[in-house]
Amino acid sequence: MRLFRRHPATLFLLSSAVVLSLTAGCATTQASNSAQAPTTPLPAPNPALSGTITIGAVLPLTGANATVGTDQKRGIELAVAKINAGNGVLGQKLAVAVEDSQGQTTATIDAARKLVAVSKVPVVIGEYASGNTIPMQQFLQQSSVVGINVGSSSIELRGTGAKQFSTIGLDDKAGQFSANALYDKGFRKVAMLAPNNAYGSGIARSVTDAFTGKGGQVVASELYTEGQPNYRQELARLANADPDVYVVTTYGRDGATINAEMFELAMTSKPVFDIYLSQDVPDSDVKAVEGRTGMDVKSSVGGSEYATYYRQTYGEGFMTSFSGFAYDAVFLAALAIEKAGAPDAGKVAAAVPDVAVSYQGVTGPLAVGPDGQRLAQPYTLGTVRDGRIEFP
Amino acid sequence: MITQQPPELIADALVRGSTIALLAMGLTLVYATMRFANVAHLEFATVGAYATISLSGVFIVPVAGIIGAVVAVALGAAVYELVFRRLLVMGEMPAMIGSLAVSIVVQAVIQLAYGSRPRNVPHELEQVSTVLGADMTPSQVQLVAVSVSALVLTGALLRWTPLGRKVRAVAANAELARVSGVGERRVVATVWAIAGGLAAISGIELALESSATPALGFNLLLPVFSAAIVGGLGSVLGAVIASYGVALLEAIVLALDFDGSAIPVSYRPAIGFAFLILALIFRPRGLLGAKVRIV
Amino acid sequence: MFDYFAWIAILVCCYAMIAISLTIQSGGGGMINLGQVAFVGIGGYSVAIFSRAGLGVWAGLLAGAVIAAGAGYLLGRLGRTLGGVYWAITTLAVAELLRLIISNTDTVTGGMQGLGDVAPLWGELHGTANTLARLVMALAFLAVVVLAAVHLDRSQLGRWLRIIRENEPLAAALGIDVVSAKSRVLALSGAAAALAGGFHASDISFVGPDQLLPFQTFLALTMVVIGGLGRITGAVVGAVIVEAIYDGTRFFRDFLDLASDQIAALRILLVGVIMLGFLLLRPKGIIVDHPRRVRV
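Chains A, B and C are the protein sequences, given in the same order.
The first sequence begins at 1 in the working numbering and counts up by one.
The second sequence begins at 1 in the working numbering and counts up by one.
The third sequence begins at 1 in the working numbering and counts up by one.
Worth flagging that the hints you see were computed from the coordinates, not collected in a lab.
Any given hint could turn out to be false.
[What the hints assert, rightly or not] Per the computed footprint, the stretches of chain A lying under chain C, defined by three or more beta-carbons under 8 angstroms from a beta-carbon of chain C, are: (1) 105–114; (2) 128–134; (3) 185–199.
Idealized CB from N, CA, C, for every residue including glycine.
Let's have the full structure, built from the sequences with the hints guiding it.
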C-alpha cells in the first residue's frame, strides 16, 4: 500500500515475481504439451481436388468435457485428411467447420445456428452430452439440416427427427454388454460410480436395469458431481455397501482423482470394472489402475489401422473412446453427400441409411435402423497391465 | 442411523473444515477492519495454488509453497492499491461488486494462462494410514496440521501481540482507533497480508491434497461466506467455529442412512446453505456477531 | 443471416428483461441480488413442465411468473432487513440451492439432463415467418417489462424504494414499511425474470440446470453496472453491449489463434474487465444523468 509508494522497488520486485511464476506456468503447459512421442503430419490433400464442401460440427472444446471434445475433433481431422488425400467429395475438398459448444446447451444451439445460418452447412456433427445433443438435433430438424450424433447415448435421441442420426450406440447396448460381462464373471453384487450428467445417469440406469434383469443386485449407485477436488465421500459409500465388484465410468481429471483415491482407500483390493476403459485409464497413475478390467468400443483395439493412424498423428494412444465415432460420422456424411450428388440436406438424409449399410466404420458396422440409430455396436473386454490396456 | 464412526466423521470435518476456516478467518478479519466483503478473497487461494504448482518445477514443494503464498499476497496488495481502495471510498456495495468483477478477471486470467484442465504437483500415490481411528492420507494429515497451526498462530497474534491489539481496536471502532493514534493504514496492510497469506495456504494445501482448477477458490465462495456470516461477520473465533461446525454437520448429514438410501453426496453444499439461510432467519447477527441491523 | 441476427436480438431481449428485473431491485431498493438466475429458472422450468404436460406454453409462462413473484415476495419477507453482503450471499445461496435440487431430481425436472422438447411459441409457422414472429414476441415481452418498470419508477412505491436505497433508517423513520416495499419490488422483479426465462426455454426448446449457474447472474449484473444501477434504459443498453461482446467473441476464433479454452477465458475476462472498468470510471452508468423533474 503506502509501502509501494515509498519503495517502488518492492512493487517492481513483487510484480516480477508474479509475472515470472505465471509465465513459468505457461511454459510448463507448453512443455507438457510437447513432451510426447514424435508425430507424423496428416496426409497432404489431393491436388486434383478443387472447391470445398463444408459441413459443420459442434463439440465441447471447453468446459467439463473438453477432453472428449478435443478427441472428437481429432477424429474429424483424421477423417478429413484421409478423405481429401483420396478422392474428396464430389471432386471437391471436404472441410469441417468446428464450433465450440463450451459444454453449455445455449452455446450449443447458438453454435448450430451460426453454422446453419452463416456457413450454410447441410450436415452438423455433434455433440457429446445428451443434454446438448437432443435440443441441437431438434433445432436441426426444424431447420431441415442433417444431424449426426457422435457422443450422446440417451435413448431420447430416437425421437429427434427423420434427418437425425447417430454413429454411437445408445445406452441400452453398452449397459447390456457390461451387465452380461459382469454376470458371466460371477459377480452378483455391484457398486456403481458414474458422473452426474446425462451420460453418467444414462449409463448407470442401463447397467442397473440390465444387471438386475439378469438376477444381480446393485447394492450402491453413486453419481458424482464433476470437477470436485476429491470424491472420498462417494467412494466411502460404495465401499460400505460391500459389493463383489466396483463398476466405474469416469474420464479426465476426475477419473484420475477417483482412481487415485480408490487406490489410497485400498478399494482396489476388490475387482474394479471400467466402462469405456480407454477414456478412464490414460490420465491415471499406473499403480492405481493395475489389473483393472473393463469394456470398450472396438475401435480402441490396439493394432487396428485407425489406432495406428491416430497414434502416428498425435504421438499418443486414444485420449478417449470417442474419436472413432466422429471419424465415422465424417465418412458417413461424405459418402452420403457423394451418393446424394449434392450437399442438399434432404437428399443427404435419404442417402445416409443406404451408405451406412455398406460402410464399415472404425467403430464397427454402422448400419442404422428406421429411427436413425445405430443397430449394432461391437464392444470388447480388456485388462490394464502396466498402464496399458490389453485387449484379447 | 449413521453409517460412519465418530473418528471418521471428525476426520472428514477436520479436513474440510480446515480449508474453510483458513479462508473464513481471513475474510472476516478483512471485513472487521475494512468493512469490505471481498468476494475475490477466494482468489488468493487459487493464485497461491497455481503459483506453487508452477514453482514446484523449480523449487522443492515447501519452498515453492512459501513463495507461492508470497506471490498471492503481493498480487492482492497490488489489486487493493489499484482497485479496492478506490471502490471502498464509494461504499461497501460498489466494493463488493468490484471484488466480484476482480474474482471473475483473476479466474479468467488463470484459465488463459494455464488452461481449464486441472493441474497438480506430481506426487507418488499415497496410502491411508489410521490416525486416531480414522483413515487419512499423509496429505490430509499435513493439511490439517498446517491449517490448525496457522489458525492458532494467527489467533495468538491477534490476542497477545501489540499488533493484534491494534487490529482489534480498528475492528471495534475504526474512527476511534484512528483518533487514538493507532496506525490504521499499517493495520489494514497487515490484516490484508495475513488474510491473503492464510487464504493462499488454504489453496496450496488443497491443491497438494487433490488438484487445482481455475475455480478452486470460487467453488468455496458460498461455504466460506456462510461460515463467516454464521459465525458473525467480524468475529474471527466465530468464523473458525462455524467453519468446523458446518463441516461436521455436512459429514454427519451425509453419513445418515435412511433404510438403504442416503442423501446424494452432490447435496453437500446444500447443507451449508440451509444452515446459512436458517441462521439468518432466526439469528441474523450470527453466533458471535456484534453488528446488528436496525430497521 | 437474418436468422442469426434475429436469434441474437431475441437473446438480447431476454437478457434485457433480466437486467431490468435486476436493476429495479438494486436501483430501487439498494439490494444486490446475486441469485437472480433462480427466478429465471423458475420461469424456464415452469414453461417446460407445463408444455410437456400438455398444458401449453402460455399457461406455463403465467404459472412461472406467478410462482416467481410469490417466491420473490416470500424472499423479501424472510429476508426482512437483510442488506448488503448478507442479502447478496443469501440470494446466491438460495439460487445455488435451487440449482442443486433441480440437478438432482431426475423425475420432475429431468435432473442434469434437463427438459427438452418444449413446444415453441409459434410452432405453426416456419422459416422466416417463424423467426419474425418470435422476434416480435420477444420485443413485445420486453416492452411489457419496460413499461412495468417505468410505471414502478414513477409510482409511490418507486419513490419509497429510492428513499430506502439512499437512507434506509430515514425511510423507516418516515413511516415507510421497508419490508413490504422490498417484498413488492422483489415480486415484480421475479415475475419479469421468470417471463424472460420462460420465453427463452420455449425459444430453444430446452431448459437445463446449466442455465442456472451463478455466472448468468453476473452477466446480468454487468449489464446493470454498465447501464447504471436503477436505470431502465441503461439496463437495455447494457444488455446490447454485453451480448454483442459475449457473442462477438465467438468470431474471435476466426482471427485469433488461441486454444478454445483460452477464447472462453477471454470472453469471461472481457466481461469482468468491463464490469470493473465501469465501476471505477463511470459508476453512474453509461447514460448521462438527467436531474429528475419534481412535480410540485
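Verification of the supplied hints:
Counting residues of the stretch 105–114 of chain A whose beta carbon lies closer than 8 angstroms to any beta carbon of chain C gives 7, which reaches the threshold of three, so the coverage claim holds. With a cut-off of 8 angstroms between beta carbons, the stretch 128–134 of chain A has 3 residues touching chain C; three or more are needed, and the interface restraint holds. Judged by the Cβ-Cβ criterion of 8 angstroms, the stretch 185–199 of chain A is covered by chain C as claimed, because 3 of its residues qualify and three suffice.
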